Structure formats: C-alpha cells, structure tokens
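Chemist: Sequence:
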Amino acid sequence: MSSTIQEEELHPQDQPSVETVLLPVVPQSVEPLSEQVGVNKLRKPVRIRGRGKKSSFPLRPPKPVGPRLWLNVGICCTVAVTSLGVLLSVLPVGEGGHPLLFPLFSGRIQSVQARTNNLSQISSQQATATVVMQDGYDAGPGSYAGVPTVVLTNNDGNHFYGGQCTAWASWRYHDATGVWVSWLGNAGDWAAGASAAHWTVSSQPNPNGLSIIVLQPGVQGAGGVGHVAVVERINADGSVYTSNWNWQNNWGITTYWTFKPGPGVSFIWK
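For the sequence shown, this note's numbering assigns the number 896 to the initial residue and increments by one for each residue that follows.
These are calculated hints, taken from the structure and not from any lab test. Note that the structure is predicted; figures quoted are calculated from it, not measured. Quick reminder that beta carbons are idealized off the backbone N, C-alpha and C, glycines included. A few of these clues could be false.
Claimed, not checked - Label pairs and their in silico Cβ distance ranges: (1) T1149 with P1112: 19 to 29 Å; (2) G1037 with P1112: 19 to 29 Å; (3) S1097 with P1043: 32 to 42 Å; (4) A975 with G1041: 50 to 60 Å; (5) A1022 with T973: 53 to 63 Å; (6) A1022 with T1048: 24 to 34 Å; (7) R944 with V974: 43 to 53 Å; (8) T1048 with E1127: 12 to 22 Å.
Please work from the sequences and hints to get the whole structure.
Modeler: As structure tokens, this is what we get:
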C-alpha cells in the first residue's frame, strides 16, 4: 500500500514570524578594571572641611532642675542617714554607753603608742646597761633590766654588782684572806677608799701575799672609771699577773692579764 502526502504550498503571510537578536561578542580575556577604566579616572576623595566651631550638641545630660533636683537630694540624704545608722549599730560601745566613732583609728593609735613606749623602754634599758656594764663602774647591789647578774657563792658580804671587776676583786680577796672590801665607789676610787679604811696603799704589790691593783682611768687600758684586779703573783721583771672580771668587756668572765707598776697604778691590801 502506498500513501501519498500532499504538499501544501505556504504563503509568506502564513509563515511564522522570526526575530533576529544580535549577541555581544565576548573577548577571550577580560582586562583588569584598572586598565579598563584607568587609575586617573577613579573618583577622588572628598574632604569635608570643619568650621572650627564647637558643636552645639549637648555632651552631658542637662542638670536636674526643679522637682527632680530635690528628689535626688532627698534620696542622697536618706542613703547617708541609713548608712550612718548601720555604722553606729555595729560600732563598739565605750565608757558611758557612747559608741566609739573611730575604733579602728583608736586601736591603731594605741598600737603605735604601745610600740613607741616599748622602743623607749628598750632604749632606756640599753642606756642603763651601757652605764652599769662599763669597766669599773660601781652600780651597787640590786638588779638592772638588760644587765646579766653573775652570782657568786659565799658572797653575802660583797656589795658590788655581780659581773663587774669590783665584785670579783672584793670576792677573790675575801676568798683568799677572809677580808671584804668595806668601802663603796668606782674602781678608780679604791685607793682613796682603802686609805680611809686603814688599808696599806703602795706603788708596789704586797711582797708577802695577795694585793689588789688599782688602775686609774685610761691607765694601761683601763676604762673611764678605772679598773681593779687581784694580783695572783709577781713576775721576775716586776710586772704582776692578775685575775680579772669585765676586762676588755668580758662581763662576769675570769680572765688573766699582766700589768706593771707605774704612774696611775696603786696596790692595796689589808
């Protein structure tokens, strides 16, 4: 079987309308924007010049006036009174039931005063100790704060301060001879005291027994009030070998030293 297709002839007015659109030609490579536009073609910055006048815009909020002012004042007063009441309720009470308004400052002041008093007391004790412990000083019996007392046995008749050269000379001479030193005074005064007590006073040591050497202040190393020691033996050259306390600041310690007769030197014995 065969089929026959009849061709119809189309007239121009019967054909569909076709619009033609031209597309832009896209280059193969796109140049940078700076090259397309050009640096010199960019927009220049715009400067806004100031007028040199202070801005009229208020930087701070306006002060409260009228009722607002009195309201703020009232609030501040209320807070202050409340705080003061709380403070008074926790403060300690002093004499008469009155609260101490400044307990911290009061305690601080008392602490400073106590410390000052302690320092003053320590300074006073140090000054007293310096005087009492100087070589040859007669402080008398008793005790002094800051000064160590050296106790000797069989010392009832000794009225000089334990640790001092005078206490040793009196005790040692009594221990050997049974005679106590009866007078008072610093070491440099012992020659005059011995003479008044009818002891022998000589420029040479006792050739037949013990004697006490008396050095005047500054003689052969003696202190400002003199020094005394007990002559234990007489050397062949005429010098004397002595036992001492408080010689060269050896408080209450027995040391031995050699002296020699000469100016400012006396020997006493009973």
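Chemist: Compare the structure with each hint and give your call.
Modeler: Structure-based check of each hint:
1. Separated by about 23 Å at the C-beta atoms, T1149 and P1112 satisfy the suggested range of 19 to 29 Å.
2. Checking the proposed 19 to 29 Å range against G1037 and P1112 shows it holds: the Cβ atoms sit about 24 Å from each other.
3. At roughly 35 Å, the beta-carbon separation of S1097 and P1043 lies within the given 32 to 42 Å, and the hint holds.
4. Judged by the Cβ atoms, the range 50 to 60 Å given for A975 and G1041 holds: they are separated by roughly 54 Å.
5. One distance hint, 53 to 63 Å for the beta-carbon pair A1022 and T973, holds here, with the actual separation near 60 Å.
6. Distance hint check: the CB atoms of A1022 and T1048 are about 32 Å apart, consistent with the given range 24 to 34 Å.
7. Checked against the hint of 43 to 53 Å, the pair R944 and V974 passes, with Cβ atoms roughly 50 Å apart.
8. A beta carbon spacing of about 20 Å between T1048 and E1127 agrees with the range 12 to 22 Å that was offered as a hint.
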